[in-house]
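Chain by chain, the residues run as shown.
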Amino acid sequence: MFMKNCWYVAAYDRELKDGGPLGRTLLGEPVVMFRDSRGRAIALEDRCCHRHLPLSLGQVTGDRVQCGYHGLEFDATGACVAVPGQSKVPPGAAVKAFPLVEKYGFLWIWMGEAALADEGLLPDWWWVDHPGWAHNPGAFLHIQCHYELITDNLLDLSHLGYVHTRTLGNDAIVDFPVKTERMEDRVRMSRWIQDRPPPPLFKTGGGFDGNVDRWQIVETQAPAHTVVYAGCGPVGAGEFGGRTEYTSGIHIRALNAPTPETEHSSFYFYAHVWDFRLDDAGWKQQMYDGFLMTFLEDVDILEAQQASLMRDPDRPLIDLNVDGPGLAARRMVAERIEAEKGGQKCDQKGSRVDGQTVAAR
Amino acid sequence: MFMKNCWYVAAYDRELKDGGPLGRTLLGEPVVMFRDSRGRAIALEDRCCHRHLPLSLGQVTGDRVQCGYHGLEFDATGACVAVPGQSKVPPGAAVKAFPLVEKYGFLWIWMGEAALADEGLLPDWWWVDHPGWAHNPGAFLHIQCHYELITDNLLDLSHLGYVHTRTLGNDAIVDFPVKTERMEDRVRMSRWIQDRPPPPLFKTGGGFDGNVDRWQIVETQAPAHTVVYAGCGPVGAGEFGGRTEYTSGIHIRALNAPTPETEHSSFYFYAHVWDFRLDDAGWKQQMYDGFLMTFLEDVDILEAQQASLMRDPDRPLIDLNVDGPGLAARRMVAERIEAEKGGQKCDQKGSRVDGQTVAAR
Amino acid sequence: MFMKNCWYVAAYDRELKDGGPLGRTLLGEPVVMFRDSRGRAIALEDRCCHRHLPLSLGQVTGDRVQCGYHGLEFDATGACVAVPGQSKVPPGAAVKAFPLVEKYGFLWIWMGEAALADEGLLPDWWWVDHPGWAHNPGAFLHIQCHYELITDNLLDLSHLGYVHTRTLGNDAIVDFPVKTERMEDRVRMSRWIQDRPPPPLFKTGGGFDGNVDRWQIVETQAPAHTVVYAGCGPVGAGEFGGRTEYTSGIHIRALNAPTPETEHSSFYFYAHVWDFRLDDAGWKQQMYDGFLMTFLEDVDILEAQQASLMRDPDRPLIDLNVDGPGLAARRMVAERIEAEKGGQKCDQKGSRVDGQTVAAR
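Chains as they are written, first to last, in my numbering: chain S, 1 to 361; chain X, 1001 to 1361; chain R, 2001 to 2361.
Don't take each hint at face value.
Stated by the list, open to error - Simulated coverage check for chain X against chain S, where a stretch passes if three residues somewhere in it have a Cβ under 8 Å from a Cβ of chain S:
1. 1153–1163
2. 1292–1306
Stated by the list, open to error - With the Cβ distance kept under 7 Å, some of the chain R side facing chain S (calculated, not the full set):
3. His2050
4. His2052
5. Leu2053
6. Pro2054
7. Tyr2069
8. His2070
9. Pro2084
10. Gln2086
11. Pro2090
12. Ala2093
Unchecked claim - One-sided and incomplete, this derived list gives chain S residues near chain X with beta-carbon spacing under 7 Å:
13. His50
14. His52
15. Leu53
16. Leu57
17. Gly68
18. Tyr69
19. Gly71
20. Val83
21. Pro84
22. Gly85
23. Gln86
24. Pro90
25. Gly92
If you are wondering where the hints come from, they were derived from the structure by calculation, not from laboratory data.
As the structure is a prediction and not an experimental result, all values here were calculated from the model.
Don't be surprised by glycine CBs; every beta carbon is placed ideally from N, CA and C.
Only chain S is shown next, with the shape it has when bound in the complex:
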């Protein structure tokens, strides 16, 4: 069971560079994506209504995708508009069409009720298009795990000291407590690390000699749009433990949007933006490689975790303090799924408002 009435990333925009068709399973459904003659990206059901061949095995002809078996053609609405060898298109000959929006280097798809699709519900990741920030789109990662394990991973950065010692982790992290907030439309985790050595990637990036103040602020919006605000600055150069980052120092945002393929597998789409060394191509490559190495370390963990969970799905989990944010995010998503089942209308932001702060246990 997944949230349906929300945006998921379906692909990086570069994956449709050649126009498509590109086939991919999203939320268990087969989807084909292609660009029409003006370059607009379109998403349809990836299954010809005639004999069920995936349309992604066919070809794009002008504004249509043509089936590679018997030549049926489908337009951007999913309607079959041409059947070779007969003048009349049979009634009911159509495939499902999905709203698709291109933004921030991603193609965003709406798998639920099309009438509810609203671009205003996309996350606000303005840094990608802002000249004051550098931008790295992510690598293509296909992971054999449920997508919420990725959210858990991002909302509990205490694993940095054990999984990512080469790039982002060091022993300092777990000495400082986590604060969890359930906000209007998101879950917020924050941890401030005072007067400690920076981890390897930050030390190199910011050119720090000694200790720093460091922050990790992670915000997850349903279903799984997670921004990690990470950075560090000189000790005492700002309000330690506050709601906002220091204005001095270095600032990175990791933009994360895992999308379920099935109940047991996911695509992990991501990007990074940063506000320093903007014209340094070497640093840009180092950012790309460093985070990819980090994420690949996570892949090993996540796939082993998924396999272990599937061995005995009913076995209970013991929760720790650091699980507060992840559990709050799971509750947020579960409420949304429940609301969709009940046919309840969601508010503008698509979320139940409670305004309560969920205390870390």
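Given the structure of chain S, go ahead and fit chains X and R onto it with the hints provided.
Same frame as chain S, now just chains X and R:
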């Protein structure tokens, strides 16, 4: 569920060149084939009655196959006739035996009630043994799809223009309608293409300069024995759209006999015969390569179609005019399966006679 | 369903040479093994109680194993004794611990009720540690079959003449009958082969010129601890067909302990000891290679047999005389499983005593 009281191709005769044993799953059952001391081909259940090791892992000893684990020996009737280390063969020690006939370059097996096996029910593919025709046995193709998808494919040649543009297809095909006939023991599809350019393989084969009249006549007998009568001749050199081919021009028969391995996989046995360039070894090779390339294009389509159908088996299919013959063949097979279930005796040809012509929709 | 209250081999001792952690599925349960700071081998559930990552992906720290995701530490009793970032370990934070004993070159695990674990129930394989015997630990064999098929294989050596003609088999075996005895805590199969040529490996090993008297005595203790007493001596040099081997001649014991991984796969642990050519390194290697080649021949048979049995699990098996010992061993294990279900206490040797000799059929 498959038809059982009928012949299926179990193997090419050349596959038993070394005498066997050769193991293969047919209609979901394990079958072992071998040749006795006089070269006669024999088919037994591929599972020793003792500890179930496949007999195909053993060896042929004279007229018997010997299990590779404990040395039990089975004769052509499936009876266990020797147990090493004990003088008495235990009661019930036997494996199933299947009628097996060698003809037209194929080994034909009868998986149903052995008493009903009748060589007179084999299809009449006399061209294979006639000096006026050249003959190419097919390649070994193991396809991950239900065997009826192969029959559909052969009975709907409108796909030639989309899947096989390099050899057999061109745009002309779908301009001409399909005629479907349900005959006494078979389904017949015919399409005549008038005054059009020949496709690449026919142009080379017949040495045609300009347009031709071309025909595709496909006849399927249950369970899936399908002859494609294909050819072309000079424009106006015969009765266009008639029941029989032009006597002038070139004539090819594609002899097809897909056999189910399981509900989701098949072996596709085939051969080609033709009545021109009989002593031209280069053309013989070109025929072999051209049709193999064509069939391998089909394999990609058929396996993707099977996987897509299995994602959502209950999703309806939209039918087109060109599906008439395939649907009629499916009805023919379904009636035969129903008759076998009900224990009804079949007539000489093994089929219900209705004599009705099924009009193309 | 497996016997639980008994010892199984979990690993060769050499597999923990580096201290671990080593993850392995045994009887369907995930197990992690490691050595503490004094070298003692420990076995725990291979699943962190927090988020279920296998502990075998973490690292050993002193006397503990540390989870590779969030750093939780577990001691030899399975208790979680440290949670990074919080002072209090949550109630219930623990994993299962299994009794583990190191003996005869193997690590023996007790997967059932820990309170019943008793080293006195280990098989008595004293030859491994005795200076009058040479010793080869086995290779690591992971076989896709139920472990009882391995016991069947060992208790019915009539297959030597069909599967292992290169090393241990020859035609002579099946001329001599098998005797089956159900003893207090084990099943015993014996076969004496009089005045026949020795098989290849024995001929080389013992330097025999002509015929020999040869014996195969196989004893299986539940669940699957099987000693093969094999050897041969000069014709007439001892009591042919007796309860004990000739004192003259050569003596080999194959020590076998297959362990179920799942219902369909097993680990096959073994060792060999022998009382001749004790300081002959070439012979030692020849013993290792010869028996490994032999066992790999069995692997092919056993995996094909398992696959064939799984095709049609309800199909009956025809039993032969040679199956007497294997069937008796299966009854012995089934009785033990039944007794464990009923919560019955077992006697010192863990087996029902009947003292009856099961006659070979």
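What are the numbers of the hints the structure violates, in ascending order? none
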